[in-house]
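Chains as they are written, first to last, in our numbering: chain A, 40 to 180; chain B, 40 to 180; chain C, 40 to 180; chain D, 40 to 180.
Note that these hints are calculated values from the structure, not bench results.
Just to be clear, a hint being listed does not mean it is correct.
Unchecked claim - Examples of chain A residues toward chain B, derived with CB under 7 Å:
#: 1; residue: Q92
#: 2; residue: V93
#: 3; residue: R94
#: 4; residue: A100
#: 5; residue: Y104
#: 6; residue: Y168
#: 7; residue: I171
Every value quoted in this text rests on a predicted model; they were computed, and no experiment measured them.
Idealized CB from N, CA, C, for every residue including glycine.
Protein chains: 4
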Amino acid sequence: MHFHEARLRVRYAETDQMGVVYHANYLVWMEVGRVEFCRSRGLRYRDLETGAQVRLAVVEANCRYLTPARYDDEVIVKAWVEEAHPRMVRFGYEMRNADPEAGPVLATGHTKHIFLGADMKPRKLPEAYRSIFSVGPRVDP
Amino acid sequence: MHFHEARLRVRYAETDQMGVVYHANYLVWMEVGRVEFCRSRGLRYRDLETGAQVRLAVVEANCRYLTPARYDDEVIVKAWVEEAHPRMVRFGYEMRNADPEAGPVLATGHTKHIFLGADMKPRKLPEAYRSIFSVGPRVDP
Amino acid sequence: MHFHEARLRVRYAETDQMGVVYHANYLVWMEVGRVEFCRSRGLRYRDLETGAQVRLAVVEANCRYLTPARYDDEVIVKAWVEEAHPRMVRFGYEMRNADPEAGPVLATGHTKHIFLGADMKPRKLPEAYRSIFSVGPRVDP
Amino acid sequence: MHFHEARLRVRYAETDQMGVVYHANYLVWMEVGRVEFCRSRGLRYRDLETGAQVRLAVVEANCRYLTPARYDDEVIVKAWVEEAHPRMVRFGYEMRNADPEAGPVLATGHTKHIFLGADMKPRKLPEAYRSIFSVGPRVDP
């Protein structure tokens, strides 16, 4: 049941000459959503890297683009954990326009991560952090 | 049987503090591969936009990250058409290090596109361009 | 005397393998500061483009990097108008860490812009918008 | 008298909704020019970081935008050393369209760098590398 909604404003730098947001930038927004999800659960991702020396390496990313986001739109990035075990976590995302009149969902996606140690080799997530990534049931928007 | 291999050099700007290429940049590399695939088939994508007023809008993107690419690596982006019909084209990609000693594949992925007209609404690809996107069988690396 | 302070959170995507923010991203942050300055003065830059069909084209950008910004830092982007006349506006910027203990200024810079019409040719800014860009005296931080 | 010309192709990702290249990307192109200048002088910048543990940190960047670069343009980035001493190097850049009919220069700029050690503190460039950055006279295009 845990999810978090982060907000961001579309930057001019994120648009392309089609007049909409360039598609790779949605993956950056997922990063924002993921990091803010962690913060809402009490974890600064920065501390995981510098303290526990654990990194979340992306092993798969997927995005479905439904409605184009546009310059200066305020976007809500909803993030939740879809699946997790000691060596892996998979996040789900839904991005929508903060303006309720702006219509339906912009995009949905997911990213799958493994945990790496300081040596950049796969490792288990230390026990102390496991509750943060506990799997929550999919929450319908 | 058609595929094309584009080459690019990893930019410092594309790395992140994990010391490897930030994952969203692989989608940009897929764009490079896709555009060079088109060029190798006789189509400047620019001309499709400015001439025929047709745009390829990304409706889905996927990437699996196998081995991290690093700064200054020369990367080969292999691109081919996995599926195509008058309203849609799906590209496949494989990215590997140009240095054959650098080991296995960096990443694989695909992007799915629909064709849009100048009004940004879905349309069929004009006949004249269809042969460019003819489906080729998957070519094993 | 008019200035505005926008806030943003450093994204992982903005770091590079030196472990700090890649320098080109400060120009994107200046864009954020400039746009929020305009909003604070009653102008959505989007409306200037879509309504008045006026664009601010960057003709010069400059940045001095004093202290590296790091991942997850909260950054304050202070923006003000340094100089303006009907064909040109020059913004000044100062970026600092929102954490007062984080020390001194991260970077300072400026961007110089001309106004372009829908035909992408230089034009005067319409009278109605001139008060927004009125020059304010430099405000010391 | 030493300069180097690198070539790159404008990516769709680098454009913005004004239909031209977003201005911050020129700083990335300068990076490409700088790195290829070093390579032409026998230095892989990567080796400077991993071998000698020396980094070039940008302390100032400047760009003047003269003619907008557009999607799919081939761009030549000319780079040279404007000034250098054991603690600092300043590069000059000129970016132009590879198509001689495309007209004049796209942009000019410079970046100023100091050398950092593994501890991220300023240091002198080791003697062995100094000849690479020897100052050359400005070469008119």
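Against the structure, the hints come out as follows:
1. Nearest Cβ of chain B to the Cβ of Q92(A): about 12 Å, over the 7 Å cut. The hint is violated.
2. Interface hint at V93(A): violated, since its Cβ lies 12 Å from the closest Cβ of chain B, which is beyond the 7 Å cut-off.
3. The beta carbon of R94(A) is positioned within 7 Å of a beta carbon in chain B (closest approach about 6 Å), and the interface hint is therefore held.
4. Nearest Cβ of chain B to the Cβ of A100(A): about 5 Å, under the 7 Å cut. The hint holds.
5. Taken as an interface hint, Y104(A) checks out: its beta carbon lies about 5 Å from the nearest beta carbon of chain B, inside 7 Å.
6. About 18 Å separates the beta-carbon of Y168(A) from the nearest beta-carbon of chain B, more than 7 Å, and the hint is not met.
7. Evaluation of the I171(A) hint against chain B yields a violated restraint, the C-beta minimum of about 20 Å exceeding 7 Å.
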